[in-house]
Amino acid sequence: MSSESHEKFEFLLLDGFSNMVLASALEPLRDVRMRAMFASLDWEVTTLDGLTVTSSSKLKLSPDKRFDPEQTKGTLVIVAGYSVREQVTRELVSLIRVASRNARRVLALDTASWLLAEAGILDGHSATIHWQELDAFAEAFPNVDVSNARFVRSGPFMTCGGASTTLEMVLELIQDTFGPAAAFDASSMFLFDPARQKDQQRGAAWLRDRGSPKLLNALNIIAENVEHPLTTFELAERVSLSERTLNRAFAQELGMTTGKYYKLYRLQHARYLAQETRLSTEQIALRCGFSCASALGRSFTNEFGRPISAFRS
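Be aware that the sequence shown starts at 1054, since it is given in my numbering, and climbs by one per residue.
Hints were generated in silico from the structure; no laboratory data involved.
Keep in mind the model is a prediction, meaning the values are calculated, not measured.
Any given hint could be a false lead.
Pairwise CB distance ranges (calculated) [as the list claims (entries may be wrong)]:
1. His1059 x Glu1290: 37 to 43 Å
2. Ile1274 x Arg1138: 48 to 54 Å
3. Gln1185 x Ala1346: 53 to 59 Å
4. Leu1114 x Ala1348: 40 to 46 Å
5. Glu1139 x Thr1354: 50 to 56 Å
6. Gly1103 x Ser1295: 58 to 64 Å
Cross-link-like lysine-lysine pairs, in silico, DSS-like; alpha carbons within 25 Å at most [to be verified]:
7. Lys1126 x Lys1061
8. Lys1113 x Lys1061
9. Lys1061 x Lys1118
10. Lys1267 x Lys1313
11. Lys1316 x Lys1267
All C-beta atoms, glycine included, are put in the ideal place defined by N, C-alpha and C.
Produce the complete structure using the sequences and hints provided.
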């Protein structure tokens, strides 16, 4: 993971796409871009003809531009929905085939796997699709290893079903691209409800299969102690680990020391307050565990390369 890396996402929306599916893919990316600690990213929304497209709930969305498969770079995200089979044409299949060759990776959301299969590029790969289409998908494309998993990664292709599985898949991609800390922050922002997150294995608990229970407990404690931060020793004591063991867990599982993560968490909260409230810098500093505005200012500029005032609305 390089601090100089830049990720480009191109969304291709087809008529009948789900607003929930699109939001589940875009909102975590928006959170990563807003924080932008380790890397930068951007995206464009396209349609086949560059004109307004209508979602399954009849909301109309205007794209940034017309889809051009020859210019597709980075990550191509295809968002389809109802009546995907009726939209399949020789021209569309050809466009998908060319764009998939040019893209570094391809994400097929909801029923978009059908388009990749029609293009023949899923032959020999594992893939999934919205659960309502699974049987028909398996019957129509015998050369595709059809899975009922929530999402599937196979070579450069990532496929999933509905909105909740889209969110899980995009968080997985964020973790691989920007690191577990970015994935944790994005999931916490997108599914904010601390009590319910803990009960339903969301937020920090989304890392349950990747992180130790004590690390997850430490993350929760950090989130609860922003205004009055604990020392690393105190945090380690709270989770019944030695300070050295806790630091090792953070380094292995989140790619940074405990203190580094804690400080970044507080600075990110400071940036959010600067963007979303009218609190003075002095008030923000105190709410984020800094002794004064100047201490926050120095730390913020050192970390983000810009003063906190640059993030004022």
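Hint-by-hint comparison with the structure:
1. His1059 x Glu1290: 37 to 43 Å: With a Cβ separation near 41 Å, His1059 and Glu1290 satisfy 37 to 43 Å, so the hint holds.
2. Ile1274 x Arg1138: 48 to 54 Å: Because 50 Å falls inside the window, the suggested range holds.
3. Gln1185 x Ala1346: 53 to 59 Å: holds, 55 Å
4. Leu1114 x Ala1348: 40 to 46 Å: holds, 44 Å
5. Glu1139 x Thr1354: 50 to 56 Å: holds, 55 Å
6. Gly1103 x Ser1295: 58 to 64 Å: Hint holds: Cβ distance 59 Å, inside 58 to 64 Å.
7. Lys1126 x Lys1061: With Cα atoms ~7 Å apart, Lys1126 and Lys1061 stay inside 25 Å; holds.
8. Lys1113 x Lys1061: Given that 25 Å is the threshold and the Cα spacing comes to 24 Å, the pair holds.
9. Lys1061 x Lys1118: holds, 15 Å
10. Lys1267 x Lys1313: holds, 18 Å
11. Lys1316 x Lys1267: Distance ~19 Å between Lys1316 and Lys1267 Cα, so the pair holds.
No hint from the list above goes unmet by this structure.
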